[in-house]
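Here's the letter readout for the chains.
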Amino acid sequence: MAEVLVYVDHVDGAVRKPTLELLTLARRVGEPVAVALGNGAGDTAATLAEHGAVKVLTHEASEYADYLVVPKVDALQAAVESVSAAGSLAAVLVPSSAEGKEIAARLALRIGSGIITDAVDLEAGDEGPVATQSVFAASYTTKSRISKGTPVITVKPNSAAVEAAPAAGAVEALTVSFSDKATGTKVTGRTPRESTGRPELTEAAIVVSGGRGVNGAENFAIIEALADSLGAAVGASRAAVDAGWYPHTNQVGQTGKSVSPQLYIASGISGAIQHRAGMQTSKTIVAINKDAEAPIFELVDYGVVGDLFDVVPALTEEVKARKG
Amino acid sequence: MSLRIVVTVKYVPDATGDRHFADDLTVDRDDVDGLLSELDEYAVEQALQISENSDDDVEVTVLTIGPEDAKDALRKALSMGADKAIHVEDDDLHGTDAIGTSLVLAKAIEKAGYDLVVSGMASTDGTMGVVPALVAERLGVPQVTLLSEVSVEDGTVKGRRDGDSATEQLEASLPAVVSVTDQSGEARYPSFKGIMAAKKKPVQSWDLSDLEIDADEVGLAGAWTKVETATERPARTAGTIVKDEGEGGKQLAEFLASQKFI
Ligand SMILES: Cc1cc2nc3c(=O)[nH]c(=O)nc-3n(C[C@H](O)[C@H](O)[C@H](O)COP(=O)(O)OP(=O)(O)OC[C@H]3O[C@@H](n4cnc5c(N)ncnc54)[C@H](O)[C@@H]3O)c2cc1C
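Residue numbers (my numbering), protein chains in the order written: chain A, 1 to 324; chain B, 1 to 262.
Worth flagging that the hints you see were computed from the coordinates, not collected in a lab.
Using N, Cα and C, we set each Cβ at its ideal position, and we do this for glycine too.
Where hints are given, some of them may not hold.
[Said to hold, decoys possible] Some but not every residue of chain A turned toward chain B, in silico, with C-beta under 8 angstroms: (1) R27; (2) G114; (3) Y140; (4) T142; (5) R145; (6) G149; (7) S177; (8) G306.
For reference, chain A alone in the conformation it holds in the complex (with noise of 0.2 angstroms):
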C-alpha cells in the first residue's frame, strides 16, 4: 500500500488536534507516515502512533524555530524524497494553517506537484485523491484533485473526527541538510500567546462571538461568561478587533480564523460576507441581533431577535442552571 505523509503540528511534542484528524483522512488514501519536526518532535511518536501513523520520521535542529519557513520545507522534501525512493507515495497532507500553507506550497513547487488548500474532506478516487473545498465565503463546493505529481493537500481543522486506530508507530531519524535558503528570514523574537484556558478557537466544538454590537472592551465579558457555561471558545468580528476590544488572534473570517464548529453563536455580529467566509460551515448556527433584517438571520438553525444584553445573560444563566 502507498504511503501518505502527515506534516505533524505540536507544540513541544504536545500534537495539536488537527494532525490527529489529518491521520483519519490519512488512513482513507494509504498508510499514515508522520513527520515531526522541531523541539520535542520525537515525544510525538506514541499519540500518533494511537492514531494510526505507522512510521514516525523526526528530526529536531534549532533552526526550525530561528528561522522561518524554510527550513521545515527542506525536511518535507527530504522526507518526500526518502519515502518515495523506498515505495511510492500517495500525497502529503498539512495542517492549512497559516504557515502550513505556506510550508506545503513551497514543498509543491519544489517537487513539481500541485496543491490544494483548504481541503474539508479527502477521499480516494481512482485518479489520486480527490478533496473538497468550500469557496467564496462558503457558498460554493468544490471537489478538486491534482493532476501533477504527489498531490500535497492542505486540510482545515474540524474536517474530520479523530479516531483511535492504534499502529506500529516506529520512530525513524530523518537526514535533512538544510538548503542555503534555509537561514534568509531569522525569527529575532518570539512571544508565546498567552493560554486562556478556552479551547483553541480553530479546534472549538462550540465558538462563542461577539460584534461591533457587543459595544467595549468591558462588555465581553458576558460574551466569555457564556463562552466558559458551554466550554466554548471565544470570537470576534473585524468590526469588535478593529475597535480594540478583542485581541486578533480571536477574528473569525476571511482574515481572521476559518471556524467550522458543531456550534456557532453570533451575538451583535450582521454577518457580511467576509465574517461568513469563517463560519458559515459551521454545523448549528444561532445568532441574537437585535436587527430583525440583519443577514446573520438568513444562516441560523435558531435566531433571537432582541438585545444581546439582555439574552446572553439569560442564557448563560439558563445553561448554567441546566448543567447543575
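Dock chain B with the ligand against the given chain A, drawing on the hints supplied.
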C-alpha cells in the same frame, strides 16, 4: 542608494457581488464588477509608507496579471501614489493556478528589477494565501510574510508576524518578498490630485513572450490542479426566529438542549 519596490496586486470580483463559476470551472470574471483586491490596498499602502520613510531614492511599481479590466486595479494603485505600473496580459493566462501565477509574477518581477516585493496576505477570491511564499521560492530570496508591521532600513527588512501560536519578530536582508495583513494599517484613499496624476503615469504591457514563458506552462492546460465539480451550496434551511419578549434566553437554551449542546 535606490530602492526598487514591486507591489503585486490582483483585480478580483467584488466579494459582495454574486460570485460564481464559469462553464470551464474558472472564476467567472464577466458577470460581477471587479476591483483592486482590498487586501492588496494594504500592500500598496505599506510600500508607499516605506517609500515616504526612506532617505533613499525609492520607486514603487505595481504589477498585475489579468485581463484588460485589470488595468482598473493598477489605476487605483497609481492614484494612491505608486510611480508606475506593469500589466501582464495574455489570452493564454486564462485559468492559471497559484503555481502558474507565481511563475509569471516571478519572471515579471525579475524583468522589472527589484529590491523588495510587497504583496497582500491573500486574494479575496482565491484566498489561498500562498503566492508570496511561492514567489519567494522562485526568486530564491527570503520570505518575510504575513506582517502586521513592516519597516526597511539599511538593506534590511524587519517585521512582526502574528502567527498561529506566537507573535514573531522577523528580519531578512534585501532583496526579499514581504506580505502584509489587514492589521498593518488602513490604506489611504486616493486624493483628487492623485487621481489626476495617475492618468499620466506609465503603464507598461507585457505578454508571455516578453517574459519568455511558454503558453503550456500556464493557463488551464498548464494547471497542476483540476476542479472536477463545483456545486452551489444549498441554501440553509430556514431556521426558527423568535423575538425576545423576556423569554429569549430561555427559549435559546431549550433549543440548545434539544440539540444536545447542554
Ligand atoms: C478585505 C476584507 C476582509 C474582512 N475580513 C473580515 C473578517 O475576517 N472578519 C469579520 O468579521 N469581518 C471582516 N471584514 C469586515 C466586514 O465586512 C464587516 O465590516 C464586519 O464583519 C462587521 O462586523 P460586525 O458584524 O460586528 O459589525 P456590524 O456590521 O456593525 O454589525 C453589528 C450588529 O450588531 C447588532 N447590534 C448592535 N447592538 C446590539 C445589541 N445591543 N444587541 C443585539 N445586537 C446588536 C446590529 O444590529 C448589527 O447587526 C472584512 C472586510 C474586508 C473589506
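Going through the hints against the structure:
Proximity of R27(A) to chain B is violated relative to the hint, the smallest CB-CB distance being about 23 angstroms (cut-off 8 angstroms). A cut of 8 angstroms between beta carbons decides the hint on G114(A): the least distance to chain B is about 3 angstroms, and the hint holds. Taking 8 angstroms as the C-beta contact cut-off toward chain B, the hint placing Y140(A) at the interface holds, the least distance being around 5 angstroms. Interface restraint check: T142(A) against chain B, minimum CB-CB distance 5 angstroms, threshold 8 angstroms, status holds.
This hint holds: R145(A) has a C-beta 6 angstroms from the nearest C-beta of chain B, less than the 8 angstroms allowed. Interface hint at G149(A): satisfied, since its Cβ lies 7 angstroms from the closest Cβ of chain B, which is below the 8 angstroms cut-off. For S177(A), the interface hint is violated, since its Cβ never comes within 8 angstroms of a Cβ in chain B; the closest pair sits about 17 angstroms apart. Given the 8 angstroms rule on beta carbons, the hint for G306(A) holds: about 3 angstroms separates it from the nearest Cβ of chain B.
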